[in-house]
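Once you have looked at the hints, place chain B on chain A.
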Amino acid sequence: MVAGLYAAMSYGLALIYGVLKIINLANAGFLMLGAYVTWWLFTSFGIHPLLAPLAIVPAFFLFGWGLERTLVRRVLGAEPIISLLLLFGVWLVLQNLAYVIWTGDTRSIEMPFVEATVNVAGMPLAVPRLFVFAMGVLALVALQLFLTRTYLGRAIRATAQDRDAARLVGIDVDRVMGIAFGIGIALAGFGGSLLSLLFSFTPDFGRTLSLKSFCIVVLGGLDSIVGVAFGAIALSLAEAFGVRYMPASLQNLISFVVLVVVLIALPKGIAGTLRALRRG
Amino acid sequence: MDRRAVALVAVALAAAVAVPFVAGQSEYVLDVLFLIFLYGAMATAWNLLGGFAGQVSFGHAAFLGIGAYTTAILTQIGVSLWLAVPAASLLAGLYSLVIGIPAFRLRGPYFSIATIGIGEATRLVALNWTSLTGGASGLTLSAAPPLTLQYFAALALCALTVALAAWIKRSRFGFALAAVRQDPDAAETLGVATTLVKTQALFLSACIIGVAGSVYALHYLFISPDSVFGFSTSIGLVIMPIVGGLGTVTGPLIGAVVYTFIREQLAATLANADLLAFGLLLIAIVVFEPRGILGIVDRVRRAARAKAAPAVQR
Numbered sequence: 028m029v030a031g032l033y034a035a036m037s038y039g040l041a042l043i044y045g046v047l048k049i050i051n052l053a054n055a056g057f058l059m060l061g062a063y064v065t066w067w068l069f070t071s072f073g074i075h076p077l078l079a080p081l082a083i084v085p086a087f088f089l090f091g092w093g094l095e096r097t098l099v100r101r102v103l104g105a106e107p108i109i110s111l112l113l114l115f116g117v118w119l120v121l122q123n124l125a126y127v128i129w130t131g132d133t134r135s136i137e138m139p140f141v142e143a144t145v146n147v148a149g150m151p152l153a154v155p156r157l158f159v160f161a162m163g164v165l166a167l168v169a170l171q172l173f174l175t176r177t178y179l180g181r182a183i184r185a186t187a188q189d190r191d192a193a194r195l196v197g198i199d200v201d202r203v204m205g206i207a208f209g210i211g212i213a214l215a216g217f218g219g220s221l222l223s224l225l226f227s228f229t230p231d232f233g234r235t236l237s238l239k240s241f242c243i244v245v246l247g248g249l250d251s252i253v254g255v256a257f258g259a260i261a262l263s264l265a266e267a268f269g270v271r272y273m274p275a276s277l278q279n280l281i282s283f284v285v286l287v288v289v290l291i292a293l294p295k296g297i298a299g300t301l302r303a304l305r306r307g
Numbered sequence: 022m023d024r025r026a027v028a029l030v031a032v033a034l035a036a037a038v039a040v041p042f043v044a045g046q047s048e049y050v051l052d053v054l055f056l057i058f059l060y061g062a063m064a065t066a067w068n069l070l071g072g073f074a075g076q077v078s079f080g081h082a083a084f085l086g087i088g089a090y091t092t093a094i095l096t097q098i099g100v101s102l103w104l105a106v107p108a109a110s111l112l113a114g115l116y117s118l119v120i121g122i123p124a125f126r127l128r129g130p131y132f133s134i135a136t137i138g139i140g141e142a143t144r145l146v147a148l149n150w151t152s153l154t155g156g157a158s159g160l161t162l163s164a165a166p167p168l169t170l171q172y173f174a175a176l177a178l179c180a181l182t183v184a185l186a187a188w189i190k191r192s193r194f195g196f197a198l199a200a201v202r203q204d205p206d207a208a209e210t211l212g213v214a215t216t217l218v219k220t221q222a223l224f225l226s227a228c229i230i231g232v233a234g235s236v237y238a239l240h241y242l243f244i245s246p247d248s249v250f251g252f253s254t255s256i257g258l259v260i261m262p263i264v265g266g267l268g269t270v271t272g273p274l275i276g277a278v279v280y281t282f283i284r285e286q287l288a289a290t291l292a293n294a295d296l297l298a299f300g301l302l303l304i305a306i307v308v309f310e311p312r313g314i315l316g317i318v319d320r321v322r323r324a325a326r327a328k329a330a331p332a333v334q335r
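If you read the sequences in order, they're chains A and B.
Start counting the first sequence at 28; every next residue gets the next number (the numbering used here).
Start counting the second sequence at 22; every next residue gets the next number (the numbering used here).
No lab work stands behind these hints, which were simulated from the structure alone.
Check before you lean on any hint, since a few could be wrong.
What the hints assert, rightly or not - Take a look, some chain B residues computed to stay more than 12 Å from chain A by CB distance: (1) 29; (2) 32; (3) 39; (4) 43; (5) 47; (6) 97; (7) 128; (8) 168; (9) 192; (10) 200; (11) 252; (12) 311.
As the list claims (entries may be wrong) - Covered stretches of chain B (in silico footprint by chain A; criterion: 3 or more residues with CB under 8 Å from a CB of chain A, positions within the stretch not fixed): (13) 129-135; (14) 243-250.
Everything numeric in this text was worked out from a predicted model, so none of it was measured.
Every residue, glycine too, gets a C-beta built ideally from N, C-alpha and C.
Chain A extracted, bound-state conformation (with noise of 0.2 Å):
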C-alpha cells in the first residue's frame, strides 16, 4: 500500500529529470512542504487532508513553474553539478524556512479518518492507506493520459526525447520546460500531501524519502512514469519483507542497500543512464 505514496513522490523527480535532464535535489523539501501544507489547511481552517491536493497542485505548480523561470533556467547549460547544486541550495532554504515558521517538533494530521481500518477478506487494512493507494494510482493514470492523449503532453515527451527536433518541429521547448518543472513539482506537492496522511513529519524528514525516490527511479528506468510505479512496488516490497529479517530502525538502510546491489548487479542498465546524462 505504501507503494502507491512512493510512486506518488516518485513522478515528479522522473518528469523533471526526463525533460529538463537535472536531478531535482529540492524534490524533498517540495515533499515536505506538501506535507506541511496540508497539515496547516488541516489544523487552522479544518480543511479535510483529502481535499488538500485541490490547492495545493496548482499553488506547487506555479512555485515550481516561477522557480524555472527564475533560476533553474539560468544554470541549463551548465554542468550537471551546478544545477544539482542550486537545487540542493533551494531545499536547504525550503527546510530550513520550515523550522523557523514550523519549528523542529513532529507534526502529523489527528482524526478519525486517518485512525480508521476495514477489514477486507479478514485483514484489517487502514483506510488512509487504502486512499493513498488509489490516489497514487490514479495520479499514474491520469498523467499517463496527459502524456500521451493532449498536445502539451506529448511535446514535454517529444522534448524529453530530443529537444533541438522539438524545437524544429515548432515545439516551444523553453515554455515546455517551464511547464514540466511545474508539474514535477506540483507532483512532489502531491506526495507530500498524501504522506501526511500515513506518518508523522519534521522539516528535515525529506532526507530518506529522497534517497527512496532516486532509488526508485533508478530502478525503474529515468524517465519512465510506469517503470517508476514498478520501482515503487518493488521497493516497498523489498522494505517490507526486509523488516522481518532486521530492526525497524534499519529500515531506511534497505532503499539504499537496494540502490547499491541495482547498481553493482546491473551495470548494463546503469551504462544507458549514463549515456542518457552525457547526452544531456
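Chain B only, in chain A's frame:
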C-alpha cells in the same frame, strides 16, 4: 609560487603561530581561530575530491564521524594519542575505499546523490550499534589537551592540508584530477585511470578528515551520531569550498572563515537561520558567480585593471 606569495604565506603563518602568545588568555579568539583552521582543513580536504576532481560528495561527515569515534573509543581504553590519531585517519581512509568502490560506478550528480545515502546509512549504523558507539547518547572523552595545544594541532593540520592541495594542484596527479573533472571520457582516452585517481583523491580526503575528527573529538569531548555524522556537517563541508572558490587552493580557507563567522553570528539568534543563510548564499553563488568569492575578487581586479589601462595609454 612567486616571491610575493611566499612572503605572504610566511607572514600569515608567523601571525597564526604568534596568536596564542599575543591574545594570551582570550579564549574566544583562540576558539574561533581553532574552528576556522579545523574547518579550513576539512574544506580543503573535501575540495581535493569535490573541487579538483569535480565529484561533489554530500556524505563526508562519515569520515569525520569515524575519526572522532575511533579517537574516543581508543583513548577510553587507554591507547595513547600518538596511536589513536593515525588509527582514526587510517580507518576513515579504509572506509572511504569500501564506499568508493560502489559509489564511483556512478558519475557526477548520481555519485552525489549516492553519497547522501552513504552518509545517512553510516549515521544510522552509528546510531544503532549501541555496544560500540553508545547510540544516541553519544560518547564522552575524559581529558582535553590544553586549548593552545589544540589550536596548534588545528593550525598544523590546516597548513599541511593547504600545502598538500597546492602541491597536488601542480602535480601530475592534480592534472589527472582536473582532466576527470573536465571530461571523464576524454581523460580515460588519454590514459588517465579515472576511477583510480578519483579513489585516491577520496582516500586522501578521508584520511585528512579522519584526523580532523580526532581533533574535533578532543576539542568538544562529547560526540554523538547526530553531531559528527550529522547531515549538516556534510552540508558545511560542501558549502565552504563553494563559497570560497571551488577547485582552488585558498578558496576553501576563505569559505571556512565566512562559514565560521556566519555560524557564530546566526546560530545564536535563531535556530537553523544559519543553514537558511547558507542555502540562499549557495543559490546566489551558483547563479551569479559559480567561482565563489575568489571569482568575485578576480572580476573586481579585472575591472580595476581595465579602468587603469586606458589611463596609462594616455
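- Hint by hint, work out which the structure violates, then give me just those numbers in ascending order. Per hint list: 7, 11, 12 and 14 violated.
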